[in-house]
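S.K.: Sequence:
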Amino acid sequence: MSTSPLGLLADLDPAQRNAVTDDSPTLCILAGAGSGKTRVLTRRIAHRVATGTADAQHVLAVTFTRRAAGELRERLGALGLREPVAAGTFHGLALAQLRRWWADRGHAPQAVLARKAPLLVPLVPPRAAASLGEIAAEIEWAKARLVAPERYADEAGAAGRRLPLPPTAMATVFARYEHEKRRRRALDFDDLLAQCTAALETDAAFAASQRWRFRHLFVDEYQDVNALQLRLLDAWRGDRLDLCVVGDPEQAIYAWNGADATALTGFRRRFPTARVIRLDHNYRSSPQILAVANTVLESRPGGLLSPLVPNQPAGPIPTIRSYASDTDEAREIARALRRRAAGGWSSMAVLARTTAQLLVLERALRAAAVPYRLRGALPFLQGTEVAAVLGELAAAPATPLRTVLADLRQRAHDLRGEEGDGDDATRARRDALEGLVRLAEEHLATDPSATAAGHIAWLDTALRSDDPRRAPAGGAVELATFHAAKGLEWPVVFLAGLEQGLVPIGHATTPEARSEERRLLYVAATRARRELHCSWAERRTSGARTSARSPSPFLEALEAVVRDLEEGGTGVEWRRFMAASRSRLGPLRRSTARPGTASTADPGVLEALRSWRASTARASGVPAFVVLHDATLQAVAEARPRSREALLALPGVGPVKAERYGDALLTVVGDDAS
Numbered sequence: 001m002s003t004s005p006l007g008l009l010a011d012l013d014p015a016q017r018n019a020v021t022d023d024s025p026t027l028c029i030l031a032g033a034g035s036g037k038t039r040v041l042t043r044r045i046a047h048r049v050a051t052g053t054a055d056a057q058h059v060l061a062v063t064f065t066r067r068a069a070g071e072l073r074e075r076l077g078a079l080g081l082r083e084p085v086a087a088g089t090f091h092g093l094a095l096a097q098l099r100r101w102w103a104d105r106g107h108a109p110q111a112v113l114a115r116k117a118p119l120l121v122p123l124v125p126p127r128a129a130a131s132l133g134e135i136a137a138e139i140e141w142a143k144a145r146l147v148a149p150e151r152y153a154d155e156a157g158a159a160g161r162r163l164p165l166p167p168t169a170m171a172t173v174f175a176r177y178e179h180e181k182r183r184r185r186a187l188d189f190d191d192l193l194a195q196c197t198a199a200l201e202t203d204a205a206f207a208a209s210q211r212w213r214f215r216h217l218f219v220d221e222y223q224d225v226n227a228l229q230l231r232l233l234d235a236w237r238g239d240r241l242d243l244c245v246v247g248d249p250e251q252a253i254y255a256w257n258g259a260d261a262t263a264l265t266g267f268r269r270r271f272p273t274a275r276v277i278r279l280d281h282n283y284r285s286s287p288q289i290l291a292v293a294n295t296v297l298e299s300r301p302g303g304l305l306s307p308l309v310p311n312q313p314a315g316p317i318p319t320i321r322s323y324a325s326d327t328d329e330a331r332e333i334a335r336a337l338r339r340r341a342a343g344g345w346s347s348m349a350v351l352a353r354t355t356a357q358l359l360v361l362e363r364a365l366r367a368a369a370v371p372y373r374l375r376g377a378l379p380f381l382q383g384t385e386v387a388a389v390l391g392e393l394a395a396a397p398a399t400p401l402r403t404v405l406a407d408l409r410q411r412a413h414d415l416r417g418e419e420g421d422g423d424d425a426t427r428a429r430r431d432a433l434e435g436l437v438r439l440a441e442e443h444l445a446t447d448p449s450a451t452a453a454g455h456i457a458w459l460d461t462a463l464r465s466d467d468p469r470r471a472p473a474g475g476a477v478e479l480a481t482f483h484a485a486k487g488l489e490w491p492v493v494f495l496a497g498l499e500q501g502l503v504p505i506g507h508a509t510t511p512e513a514r515s516e517e518r519r520l521l522y523v524a525a526t527r528a529r530r531e532l533h534c535s536w537a538e539r540r541t542s543g544a545r546t547s548a549r550s551p552s553p554f555l556e557a558l559e560a561v562v563r564d565l566e567e568g569g570t571g572v573e574w575r576r577f578m579a580a581s582r583s584r585l586g587p588l589r590r591s592t593a594r595p596g597t598a599s600t601a602d603p604g605v606l607e608a609l610r611s612w613r614a615s616t617a618r619a620s621g622v623p624a625f626v627v628l629h630d631a632t633l634q635a636v637a638e639a640r641p642r643s644r645e646a647l648l649a650l651p652g653v654g655p656v657k658a659e660r661y662g663d664a665l666l667t668v669v670g671d672d673a674s
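Just so we're aligned, residue 1 is where the sequence shown starts under my numbering, counting upward by one.
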């Protein structure tokens, strides 16, 4: 493409063009999912260089992942910039600057810890040793929020944190950890940001040199910055206003890790002269997928972005299915993937809320000979609970795997109380152990004589995300959690395990946490370009225990959109339908009448309708509420229609439903009338 200022604008829509050319020194670009934010960010950098308002050698582009930084550099290179732009992660850039600062002052570089756990082991009470992962995460949260050990207990209490240790004990461990690092002259990743910030704030010469070098700041995914990163950005910026940030408040999904989306949503309060430009045209997903995705979010009218506007051709209507068990769900997804194999394995992804769910899906894909890549598998192997078990296996390599399996089952059982019992740390430990149980069972099924040593090697091969067997020349299906899928996209996406307790996650009990869970599902849904398939299981097995499950409460609105699309609508009328249904009949699937209002439906007719719906759903392989909602059955039972026209007048019965089920419904109410 032409790298002239005009050439850089040739294929942009009006809002994108405005974001690229705006001459405001301080700019906030609110970019919805699939709106071309990376294209706009790189074009803005290139356009400023081309027009002489920025020098490529003085640009600093900050991202959150090495992959994103690499993509920025690659795209900028393709745009013909003569000089390379400095693009990197917060941590990578901070470390590079610290090394320069150490060298200039003759200081020996400090060691950087890859993990916190080795230092924490001797500092944590023995009874809490298995919660090292949660303790490390809590320290990371505190440091991201600029909370020192002496303030930790008060701040954690005010934030309502669920802690792996009592507040004072956690604060003591935090303080001892910081002391031990100083004694060893070591830094963790959080310290890289803090020390670079301190150097910039206290060393005027160093700050001047860095601010001279980096005069134009660009920050991607600004909704994910935490207080520590924001302070580093301020230290880089100084008193200059040359700052461009890009982000999406609807993709803020890391508050649990210290991120603070108010840096984005309150940008104008902090920079009153800043310009804000919104990008809400989606170039990724079909209109049908966007109808579902827009519905996931609870309240759009007061948001910073409007509902996403589609720009792709129409595609298949998203599906919502239930299965008798999580095993059945995984098997059916594997079959569906094989049916779509002609489009290429790498064109498909299966996403779930937790890593434990992915292990069930992985087993089904392996059994169906579906090549896959388990994104994020190595963190599972490196988790504290899993690492402890692997250490035990390594210490007794000749132990039969059957003996190991029996021990794992007992340990998982000991952590399981009544349904819903246990804090986050206990549930995480239990999930990890039960994941190991399933994997040991799978290994024994293929090798009954396996030993502990053999199992370690088998695990490393089976779960390693870069295993070439999982990524053959023909590509591989991606298995990932909702969080790990952020920033990625595929033509076909399956969202599995959409159940209460998982979506939203069980410990999301505050309004803020549930809103973040909604945004997380929105992020997952907007990964799909052409097909989106949602599913849940009526029973889920965890270890030796099987429990009944119910659909995610978020599915109610999604199913209404799907019904509207099936009946020839655009997916927009779902709000009107649900509002009308609730005003007349009460909340869908939760009650069949307004509180305090007696229903006029004949109980016998209503029971006959429910029986018909159950058999129809079984025959179709769909959840009962996909056939007709409780609210619609209630309306049919009350009205007792005698014709198609009367049936069509009821809420929830459109032309498609009337054509599909009309005769059967009229027969049911007619038989009961006689």
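Hint data in this document are derived by calculation from the structure and do not stem from the laboratory. This structure is a prediction, so every number in the text was calculated from the model and none was measured. A portion of the hints provided could be inaccurate.
Here are the simulated SDA-like cross-link-like pairs (lysine to any residue), alpha carbons at most 25 Å apart as the crow flies [as the list claims (entries may be wrong)]:
#1 K116 to D260
#2 K657 to A608
#3 K116 to R73
Here are the computed distance ranges between Cβ atoms for each label pair [what the hints assert, rightly or not]:
#4 R105 to E74: 29 to 39 Å
#5 A148 to D55: 32 to 42 Å
#6 G92 to R268: 26 to 36 Å
#7 S346 to R162: 23 to 33 Å
#8 A208 to T168: 36 to 46 Å
#9 P5 to G160: 12 to 22 Å
#10 E441 to R184: 40 to 50 Å
#11 D55 to A367: 26 to 36 Å
#12 P272 to R539: 22 to 32 Å
#13 A208 to H179: 46 to 56 Å
#14 P272 to R213: 26 to 36 Å
Think of the CB as a built atom: it goes at the ideal place given N, C-alpha and C, for glycine as much as any other residue.
S.K.: Could one say that the CB atoms of R105 and E74 fall in the range 29 to 39 Å?
M.R.: Check passed, 35 Å falls within 29 to 39 Å.
S.K.: Could you tell me whether the CB distance from S346 to R162 stays inside 23 to 33 Å?
M.R.: violated (38 Å)
S.K.: Can you let me know if the beta-carbon spacing of P272 and R539 is within 22 to 32 Å?
M.R.: violated (56 Å)
S.K.: May I ask you to test the hint 26 to 36 Å on the CB atoms belonging to D55 and A367?
M.R.: violated (57 Å)
S.K.: Range hint 46 to 56 Å: satisfied by the CB atoms of A208 and H179?
M.R.: Distance hint for A208, H179 is violated at roughly 33 Å.
S.K.: For the range 32 to 42 Å, tell me whether the beta carbons of A148 and D55 fit it or not.
M.R.: The hinted range 32 to 42 Å holds for A148 and D55, with Cβ atoms some 39 Å apart.
S.K.: With the threshold set at 25 Å, check whether the alpha-carbon distance from K657 to A608 stays at or below it.
M.R.: holds (18 Å)
S.K.: Between E441 and R184, does the beta-carbon spacing fit 40 to 50 Å?
M.R.: Between E441 and R184, where Cβ atoms are some 42 Å apart, the hint holds.
S.K.: Quickly compare the C-alpha distance for K116 and D260 to 25 Å and report which way the hint goes.
M.R.: holds (23 Å)
S.K.: Between P272 and R213, does the beta-carbon spacing fit 26 to 36 Å?
M.R.: 28 Å Cβ-Cβ, so the 26 to 36 Å window holds.
S.K.: Has the hinted range 12 to 22 Å been met by the Cβ atoms of P5 and G160?
M.R.: violated (50 Å)
S.K.: Using the Cβ atoms, figure out if G92 sits within 26 to 36 Å of R268.
M.R.: Since G92 and R268 have Cβ atoms about 30 Å apart, the given range 26 to 36 Å holds.
The structure fails hints 3, 7, 9, 11, 12, 13 (numbered hints given earlier, in ascending order).
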